[in-house]
Amino acid sequence: MKKYRLNFLISVATLVLISVPVLAHHGNASYDNDHPIMIKGTVTEFAWSNPHVQIYLDVKDDKGKVVRWSVETLSPGKLVRAGWSKDSVKVADQVSITLIPAKSGAPVGFLHKLVLANGEELGLRELEN
Amino acid sequence: MKNFSRAPTVCAASLFFVLPLVIACGNRAASGNTQAATPDLNGVWSAPFTPDISKALGHQPPFTPYGAARFAKEDEFDDPLTKCLPIGPARGIQAGIMPFQIVQTPSVFTILFENQHTFRIIHTDGRSHPKDVDPTWFGDSIGKWEGDTLIVDTVGLDDRTWLDTAGHAHSDQLHLVERFQKVDNNNIKWTVTFEDPKFFTEPWSVTLPIARQNTEIMSYSCEENEKDRAHLRRTKK
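Protein chains in written order, with our numbering: chain A, 1 to 129; chain B, 1 to 237.
Check the hints yourself; a few may be wrong.
What the hints assert, rightly or not - Not everything, but these chain A residues come out facing chain B in the computed CB check (under 10 Å):
id : residue
1  : N33
2  : T44
3  : A47
4  : P51
5  : S70
6  : L74
7  : S75
8  : G77
9  : R81
10 : D87
11 : S88
12 : V89
13 : A102
14 : F110
15 : K113
These aren't lab readings, by the way, just hints derived from the structure by calculation.
Cβ atoms here follow ideal geometry from the backbone N, Cα and C, with glycine treated the same way.
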């Protein structure tokens, strides 16, 4: 975990803590909710599927080694309500993703926000209450 | 003679005004005479996501020693929802993650959860609970209207569901009483009372607002492409 943090943590000190409850079918105890990080990479797969849309991307560390990250989001239905579509992200897109990383140390995280190369931001939106 | 000659006109005029009333009364009688007085809660709704129900209560529920021991032991890793099992009746509302749709008729009040596309059927036809209820994921629910409020009584609940994500479990002796009070067209005041002599020393209640949502129930399947369980970790020993 520490290795990935060092390699991929980008300006974490400037990140504003985003308190987004993990509205997944499981709790968020496996994620480091207090320490979101940002990664940049190339999308290899955008799996528009239940229970969570998954984004896979290759991220280069400072030595040029490529690590495949798996980023969990919410269900397609919830993402549609937040402004996403199945075409929002495409293979080969260059993206920046703010996420909370898995405590296990695996290159896995839960998305808070995605920024496309054109600057378009995609996030999660809670239901209207 | 003059009066008799006007009789058909008077009768026709009377029918013009009276017949619609007769038809209207007949329709009300056919629908159990309750349709006009029953609040309409049809629509898509959601309550604030409350993954730890003790936060809504303000403190932990009044545990029995057994209930406290179970809560100390339950780990999010073992959450039945993580295993893609059904969410259960009350958790589906207060921590369902997704909205739900109410479809209401005079004899049944149904709640269609987007979460796993599960549903509750609440009988409002005056029946009682069966004498012997086999536990099921959503139990046996009966409801009755009292003014602007639907009161729902549920027994026969499978003890494998949890009350929330935090690990508040229950036994098959759980008895739920819910009150769906229509505040206005866009708001419901929902109060749920949990009674379970095995887990709690006394009944306890929480109240949450339910708000109408400008959306539709969308597709969901927990098992379609599940990738999360592999990296989830236990947080309690």
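- [ ] Tell me, in ascending order, the numbers of any earlier hints that this structure violates.
- [x] Hints 1, 2, 10, 11, 12, 15 are the ones this structure does not satisfy, whereas the remaining hints hold.
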